[in-house]
Amino acid sequence: MKKRKIKHSLGLVCLNAVFIIVCFITLVPVLYAFLLSVSDGSSAFAGNLFGSAGHFTLENYKRILTEEPFLLWLKNSVVLSLGTTVLAIGFATTASYAFSRYRFKGRMNILFLLVLLNAFPQILSMFAIFRLFKSFRLLDSNVGLIIVYAGSMCIFSIWNLKGYFDTIPAEIEEASKIDGASDFQMLVRIVLPLARPAIIVTAVMVLIFVWNEYLFATTFLLSGDKYTLAGGLYQLQANDYSRSWSLFTAAAVLVSVPILIIFFCIQKYMVSGLTAGGVKG
Amino acid sequence: MKNRKNAIPWLYSLPAFLLIGIVIVFPIIYTAYISLTNMNLYHWNDFHLIGLGNYKRALLKADSGFLSAVGVTLVWTAVNMGVQMVVAYFIALGLNAEGLKLNRVYKTLLMFPWAMPAYVSILLWKVCMFNTEFGLLNKVVTALGGVKLNYLSENVPAFLACTVLNLWMALPFMIMMIDGALQSVDISLYESAMMEGAGFWQKTFHITLPCIRPIIAPSAIMTVFTTFKQFDIIYLLTKQKGSLTGATLQTIITYAHENAFVSNNYGLSSAVSILIFGIIILFSVFTNRGLREENS
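Residue numbers (this note's numbering), protein chains in the order written: chain A, 1 to 281; chain B, 1001 to 1296.
I should point out that these hints are in silico values taken from the structure, not numbers from a laboratory. Since this is a predicted model, take the numbers as computed values, not measurements. A couple of the hints might just be wrong.
Said to hold, decoys possible - 27 Å max Cα-Cα, derived DSS-like pairs, lysine-lysine:
id, chain 1, residue 1, chain 2, residue 2
1, B, K1241, A, K5
2, A, K105, A, K177
3, A, K7, B, K1061
4, A, K134, A, K2
5, A, K5, B, K1107
6, A, K134, B, K1203
7, B, K1203, A, K5
8, B, K1241, B, K1148
9, A, K2, B, K1107
10, A, K7, B, K1107
11, A, K75, B, K1241
12, A, K3, B, K1203
13, B, K1061, A, K226
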């Protein structure tokens, strides 16, 4: 018995060692990028492995905030993400409520059709949307991009919210119906407050999607003052000078931090939220 | 009165359907239409219908590059899924080992790549890891006395680089899923297996895998789709506008994108897009049926 115990704790030590190594390997790219962002450019990129530690400096962060239009990009990203979230969640909430509560002809077929439509890779419809928007002069405009983003996240939001509405018992609504509330009043006063957790999680996922989207942003936004964080970062990295690379790592850290915070706050819901609806990207 | 009542759900869904109509349905129909025309840079406005010519070109002409892109995509999906499932399984198994007190810490740290914005991760890897002059990998190589390698200039190394990056980005999700599934397995099954003297592999193949299979099947299928559709990694690592690295690695999605936005061959690109959509529909109908049978 004692022998087995020793064997077990020896195994645990090994396992812990393995996990420390695995975690370290996982974090190396992020740590290295962070190290670069707080060291001065010349020592970081020149020299050998150990030269990369360099001198600690916040110069890169100062420069990205003052010399590059980082705050403008940030503003554009915030406008786009908030606009998209309001539009997508607003439209998806009423639609998903209808699909959860009413039984009408074609309901199941439409739900299935939505899943199939969602399977069409977004990148492939980019050209068609590009032509459409060109003739409607919606290129290089925030409104155009918000429509694209909201449309792309609409099906996901409908499925996600419908799944949650299905779990709210209809009796609660019937009680308020007897009290004389209209359909719409009931939706706003009773159903929405009950569905708040699902709405928040779905909204955050839409927000993250927009924050992280670069392809439509770099293809549809043509003028520099419209760039989002994604577009700006892309540009910084595309300039092939090591000078802007240390700036790029600083910008990358700044862009990722809000998302990391949000992610770890809603991590618990992330797994169930993604699987309950059964649709993703 | 009855008619009004029937209209209510449609009224509620109308705004959402309008949006979906513009952004998703219209592009698909329009793409299908373009695929039947000769639209390209020279025929931007005066294009005309040419029938199935683009499909023929994609499927029958070997030099169109489509068929080899299909091959690369299949290998890419198979390799990534295979490695991902096995590695994620063993890491999740380790996380669930009896007496591992720090497992929550490890789990949180391992989630990091999932939380990072995808394009930021890819660009960071490109600049900080794979870069020939300044990348960490080459710094390690030269510190060990080796010669600097160019990871992205040829197809095979580029494929491996993309695979490593994809695994880095996709493993956290799979680990979480398998970890959750492992916790739902009935412990008494292991106890009785232990009494009968079953070894590790016997337990794995006769208890663990059959138990977790139905739980991870949906997320595994979802991951097959996302791997199959993966665009960002290959595009950002090897074929960004203005900084081609030399590798000509092409999956069907990058192939369709390149034909639309680089070589301006819109007809061919649209035909390929519709073919890809066809493949995805077939696959989802197929897997849907499989899942339903498994559940019943």
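List of violated hint numbers, smallest to largest: As far as the earlier hints go, 1, 3, 4, 6, 9, 13 are violated by this structure, in ascending order.
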